[in-house]
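We have chain E; now place chain R onto it with these hints.
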Amino acid sequence: MRFQDAARDARAVVYAGIQADPVVAAIGGLLAEASTAQRLLARAVMNGTTSEAADWRTMFPTLFGEAADGDGRARSEAILRASLDVAGRGEQARSQYRGAIVEALTAVLLGRRVPPATVHRERRILFDGVRAEIHPYDVTVELPDRAEAYDCKWGARGINDEVLLQLESANGNAQAEERRLLAALVVFDARRSCRVRLARLRPFPGVRLVGLESLDALGRAKAAAAVTT
Amino acid sequence: MPTVRVAINRAQAALATLTARGEAIDDEWQYVTDLEAAWRARLEEVAAARGGESLAPEAESAVDRLTAEAASIEDPHRAIDWMSTLPQAVLLALGEPA
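These protein sequences, in sequence, are chains E and R. Numbered by our numbering, the letters in the first sequence go through residues 18 to 246 in order. Numbered by our numbering, the letters in the second sequence go through residues 424 to 521 in order.
Treat the hints loosely; a few may be bogus.
Footprint (simulated), chain E over chain R, 3 or more residues, beta carbon under 8 Å [what the hints assert, rightly or not]:
#, stretch
1, 429-438
2, 449-458
Distance windows between CB atoms, simulated [said to hold, decoys possible]:
#, chain 1, residue 1, chain 2, residue 2, range
3, R, E476, E, A27, 19 to 25 Å
4, E, R106, R, E476, 39 to 45 Å
5, E, R25, R, E467, 47 to 53 Å
6, R, A460, E, D145, 41 to 47 Å
7, E, E179, R, A479, 44 to 50 Å
Computed from the model, here is a short list of chain R residues facing chain E with C-beta under 7 Å [what the hints assert, rightly or not]:
#, residue
8, M424
9, T442
10, A461
11, A464
12, R488
13, L489
14, E492
15, R501
16, I503
17, S507
18, T508
19, Q511
20, L515
21, E519
22, A521
Simulated from the structure, these hints should not be mistaken for lab results. Note that the Cβ used here is the ideal one computed from N, Cα and C, for glycine as well.
Chain E extracted, bound-state conformation (with noise of 0.2 Å):
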């Protein structure tokens, strides 16, 4: 098992300067110190059709009335400001960038539990005989004694048999080297929404489930102590 870096074709050239975009980095790093709720503000912003702040803050009540503690509140003004940005980018491309910011945040997140120069980003896994995949892993950690494989989604709809199916077979030949990978699929949505949409696929059982309410667990001793699909 090693890894290499996607091919540079031109949709990759493209998506690589939205990753680079430091929008995304700074969302990453906000959501990263974020609670459920506020992750969920995100969400709502990003897909959302307002562009008022106001109207967003009565939306969510918990995180930005007198209940609301100072940093807390302070971390949901930054959080909103930086979704209304990506938001306001039109549609085409907030779609992008909310891919991108998943991404961004799941390497923070890991980045807490392994050296962060251990965390990579579009890279292939190859193994010895088998025909390379064409699509990059979102996210990989690279052990020396261990790896781990994220494709990252923004919401439940983006699981499909396609994604799981890669991911599996990435653990199966793996462990077909003997050697250790953790499959996952990280997606920024409700654990009930990705049920909903796993129920009507076969399961995967190599792979596992982070939502967006176990997205704290990346960070843990324990990586994706989640769901398996």
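Quick look at chain R alone, frame taken from chain E:
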């Protein structure tokens, strides 16, 4: 005085509107149907347990604005995404976990 039941009814009506918009994506009809059923059931659980409770003014305003936001969404893809977001946000305003 509005109650939690009233808020849930409004959220469920908004969810139905999003569902109708999301059903325009033929390939996602099953997912849209399943998603509505799952979130409707979760909202109903809350109404069954707390339906008679008075709604705090800020929660009432939140539900008002959330349902208005849902109603403003016309794009079917965005509507499917909001089918998950709306109930979570309503539950949060009511002090409930997703």
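Results for each hint:
1. 429-438: With 0 residues close enough to chain E, the hint is violated.
2. 449-458: With 5 residues closer than 8 Å to chain E, the stretch 449-458 of chain R meets the three-residue bar; holds.
3. E476(R) - A27(E): 19 to 25 Å: violated (56 Å)
4. R106(E) - E476(R): 39 to 45 Å: holds (41 Å)
5. R25(E) - E467(R): 47 to 53 Å: holds (50 Å)
6. A460(R) - D145(E): 41 to 47 Å: holds (46 Å)
7. E179(E) - A479(R): 44 to 50 Å: holds (45 Å)
8. M424: For M424(R), the interface hint is violated, since the closest Cβ of chain E sits about 17 Å away, which is over 7 Å.
9. T442: Since the shortest Cβ distance to chain E is 13 Å, the answer is violated.
10. A461: The hint holds - A461(R) has a Cβ within 7 Å of chain E, the shortest such distance being about 5 Å.
11. A464: Given a least distance of 10 Å, the restraint on A464(R) is violated.
12. R488: Since the shortest Cβ distance to chain E is 5 Å, the answer is holds.
13. L489: holds (5 Å)
14. E492: This interface hint holds because 6 Å falls under the 7 Å limit.
15. R501: This hint holds: R501(R) lies near chain E, its Cβ roughly 6 Å from the closest one there, short of 7 Å.
16. I503: holds (6 Å)
17. S507: Cβ of S507(R) sits 4 Å from chain E, so the hint holds.
18. T508: holds (5 Å)
19. Q511: holds (5 Å)
20. L515: It holds, given that the least Cβ distance between L515(R) and chain E is near 6 Å, below 7 Å.
21. E519: violated (11 Å)
22. A521: holds (5 Å)
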